[in-house]
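Residue numbers (my numbering), protein chains in the order written: chain P, 17 to 462; chain G, 17 to 462.
Incorrect hints may appear among the rest.
Any copy will do: because identical chains look the same in the list, a pair fits if it lies in one copy or spans two.
What the hints assert, rightly or not - Derived lysine-lysine pairs resembling BS3-like cross-links, with alpha carbons at most 25 angstroms apart: (1) Lys429 / Lys231; (2) Lys417 / Lys91; (3) Lys22 / Lys431; (4) Lys231 / Lys114; (5) Lys91 / Lys141; (6) Lys431 / Lys231; (7) Lys361 / Lys417; (8) Lys114 / Lys429; (9) Lys361 / Lys429; (10) Lys231 / Lys141.
Just so you know, these hints were derived from the structure itself, not from any lab.
Here are the chains, one letter per residue:
There are 2 protein chains.
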Amino acid sequence: VPSVRKLSAQLSVSVSTVLQAYRILEDRGRIEARPQSGYYVRPPLAPAAAVPRVSRPSSVPTKVTVGSLIMEMLKLSTQPGVAPLGGAIPPDQCLPTKQLNRIQAAIARRTSRGSNFYDLPPGCKELRVQVARRYIDAGCALSPDELITTCGCTEALNLCLRAVARPGDVIALESPAYYGHLQIIEALGMRALEIPTCPQDGVSLDALRFALDDKPVRACLFVTNFQNPTGAVMPDETKRELVELLAARDVPLIEDDIYGDLGFDLRGRPKVCKAYDAGGNVLLCGSFSKTLAPGARVGWCAPPPRWRDALEELKVTTTMATPSLPQLAIAEFLASGGYDHHLRKVRRYYAQQVQLVSAAVQRAFPEGTRVTRPAGGHVLWVEMPPRVDALDLHARALERKINIAPGPIFSAKGKFRNFIRLNCALRYDEMIERALITLGRLAGDA
Amino acid sequence: VPSVRKLSAQLSVSVSTVLQAYRILEDRGRIEARPQSGYYVRPPLAPAAAVPRVSRPSSVPTKVTVGSLIMEMLKLSTQPGVAPLGGAIPPDQCLPTKQLNRIQAAIARRTSRGSNFYDLPPGCKELRVQVARRYIDAGCALSPDELITTCGCTEALNLCLRAVARPGDVIALESPAYYGHLQIIEALGMRALEIPTCPQDGVSLDALRFALDDKPVRACLFVTNFQNPTGAVMPDETKRELVELLAARDVPLIEDDIYGDLGFDLRGRPKVCKAYDAGGNVLLCGSFSKTLAPGARVGWCAPPPRWRDALEELKVTTTMATPSLPQLAIAEFLASGGYDHHLRKVRRYYAQQVQLVSAAVQRAFPEGTRVTRPAGGHVLWVEMPPRVDALDLHARALERKINIAPGPIFSAKGKFRNFIRLNCALRYDEMIERALITLGRLAGDA
């Protein structure tokens, strides 16, 4: 695009007006700034390939058994020399570790007493204030007193499931589901019921309604924004309908919003179902593991009042307290305004990475391959031709030191046999390009 | 005692020989050093009062329901202006928070990458090396690869119980039991069976044998060293017998060794049951929350091989990872040798505090009161005359801003109605002395 100076002269407007206009275009993903060079038109985010179809999961609740395959994939995710297309782990350059460590050290110097104590539930007040404040952007007026901090989102989900359901109970999930949800349900002895899900708009409410009529669903566990693995975002109107549907039937919704801050559209973030929860039926969960500090183990849940005491007791009997110093450091980072600036950078970066990997998949994979067009997060969900077996592909890729997440781990039934999930978070380089070409060739050989 | 110089002259031995002799007497608790003053004979640790008798719990397994009373007591434990005789929380001056914070800041400067990542199970290798090394003193040759780090001992116990038992299963505990164990069992829907326990030697093996013949005990959960609340230490020979007894019946033992490093006898620490576990039947758990950093949430478990995979999966589905930076900092603190020096100070301090509180109880409480003589830890278990109701005393004490742990929370059956547990960890001062006098008067009024 024309340089700022040129356009300013051409249109007879001030330089700052042009800059502002370019900034808006940048936020919308239309152009991008390159340091010391200027602004450039950005390739369109949506790739040409078709997206995967709405899922058709089995209608029978299932005991889950995907654990060991997942553990293997997770452990390989950070192994040097293995192409990191497996676990959805944020890369170092997307984490403000230095700033957080500096803040942490400063707090520790200020108060040795306040940095090391049993921070019993509900946990760090300063942090709860900041988290509550951020949910205003998600349409949700939360009081800090409604939040309980946890050791990451995993603990939040684990506790919420235990608060609302018992072993043997049926939990409705997306299909494909985040494998971590399946693992938690397996570990708690509950049963998963997978609900047809659109890779763009999330869970099908028609299908969910049908399932609720037919099965003893005890609770729903959905990722409503930038679902893992599809990237689906449930439209606001659907969120409202979902909350009403579940409230009418007294089925609680556990809402996993861990990716909510990682949308590619910089104009704002999508709402949460909790924003429509007038009756107190939504247990909202989140964490800073994907945006700031996977190593800090700081997450939260916001349960309605009727489950609050139970959740505090479950928290005390599961980990007693949440780490005290990391909570204070993250609270200070948020209060300083550094978080939004950081998110801006990271969201642009992920948008670009997802685009690059998607383009490479379309070049390298066999005809008939479908790829999602996520609006946030950092993973792609790839549907390969039916003859390709993802577990087989996974095994053959590992021999070549390429780690991927095979489709069947996203289903308690071992469905999605010809799907894989690709993590796009690590900087696209020659190693990743070569890995994608190899994957495409292996898939083509099938 | 005579000054070092004087005794050296008197016996014609060198000053360093006298110093060494005094040091040995100090380690044995016979004399104590007072800064700028010299060595003094120490009052005997064992108070004159009788100790409580062996417990006689009910023989019927029970669903546990003590949660809300405990939450209230915990939350009041750190409230300013309330005499802190409730929760067993280590005081700031017994935690090397400044050193740990300094190490943490240094590590963070060295490696931002290495300080913030999903430290998936088994967790930080450096820390596991140090923890394994320390168990040599407890008679136990552990490999670092046998350990899994956890978010505190609470998570370790929670995961171990879930690995070996299911909801509804019967877990054998001490009587009185640590209320935290009762809470975990309640939260997991398991049932507690309380076994008669001697306040000096721990669980009665005769009673346990009888219970195992009679009830479907799925697992045992015992604090074998400095049990909370009694301070009991199971003699080594009994530990060996216990391990053999349980192995013969294939009943796993979850061993909570959280107080193992806090004995008053500085010559060494007691063994763990795990030291005798030839057959792989003991799941050893511990943490640094009582000795170094309650705020760091760093503990561990050492499961036998048959439960290892299950435990790693349970860990991943409960909190995913253990905080990364605190693990590295504690590992470095241990590797530097600072831990033993720190423990020496803290163990002397707790011995003195327990002695001071015990003496005050004997002065202030009504005739017939019995007090334990713990050999480690920092709590006292007080049996008052049968007419005194501990729940009533607890309520009346709270009105006077005194927090205590009433006996019934240490039993799923609400037993120990005339017992209280006193935390002795905070520096004995006028506030605590006044609180104990008030408590004694309230108990006497009953």
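*Copy assignment of Lys361 with Lys417, given that the CA separation must stay at most 25 angstroms*: This pair counts as neither: shortest intra-copy Cα distance 30 angstroms, inter-copy 51 angstroms.
*asked:* Regarding Lys361 and Lys429, is the shortest C-alpha distance of 25 angstroms or less found within a copy, between copies, in both, or in neither?
replied: neither (38 angstroms within a copy, 57 angstroms between copies)
*asked:* Within, between, both or neither: how does the pair Lys231, Lys141 come out at a Cα-Cα threshold of 25 angstroms?
replied: neither (40 angstroms within a copy, 46 angstroms between copies)
*Under a CA distance limit of 25 angstroms, which applies to Lys431 and Lys231: within one copy, between copies, both, or neither?*
within (20 angstroms within a copy, 43 angstroms between copies)
*Can you give me the call for Lys114 and Lys429, within, between, both or neither, at a CA distance of at most 25 angstroms?*
For Lys114 and Lys429, neither the intra-copy (43 angstroms) nor the inter-copy (51 angstroms) Cα distance is at most 25 angstroms.
*asked:* With identical chains, the pair Lys429 and Lys231 could be close in the same copy or across copies; at 25 angstroms between alpha carbons, which is it: within, between, both, or neither?
replied: Only inside one copy: Lys429 and Lys231 sit 17 angstroms apart there, 38 angstroms across copies, limit 25 angstroms.
_Up to 25 angstroms CA-CA - Lys431 versus Lys22, copy category_ = This pair counts as neither: shortest intra-copy Cα distance 56 angstroms, inter-copy 85 angstroms.
*Given a CA cutoff of 25 angstroms, do Lys231 and Lys114 count as a within-copy pair, a between-copy pair, both, or neither?*
neither (50 angstroms within a copy, 56 angstroms between copies)
*Please work out whether the CA atoms of Lys91 and Lys141 approach to 25 angstroms or closer within one copy, between two copies, in both situations, or in neither?*
Intra 34 angstroms, inter 14 angstroms, cutoff 25 angstroms: inter-copy only.
*Can you give me the call for Lys417 and Lys91, within, between, both or neither, at a CA distance of at most 25 angstroms?*
Result: close within a single copy only, 13 angstroms intra versus 51 angstroms inter.
This entry does not satisfy hints 3, 4, 7, 8, 9 and 10, going by the numbered hints stated previously.
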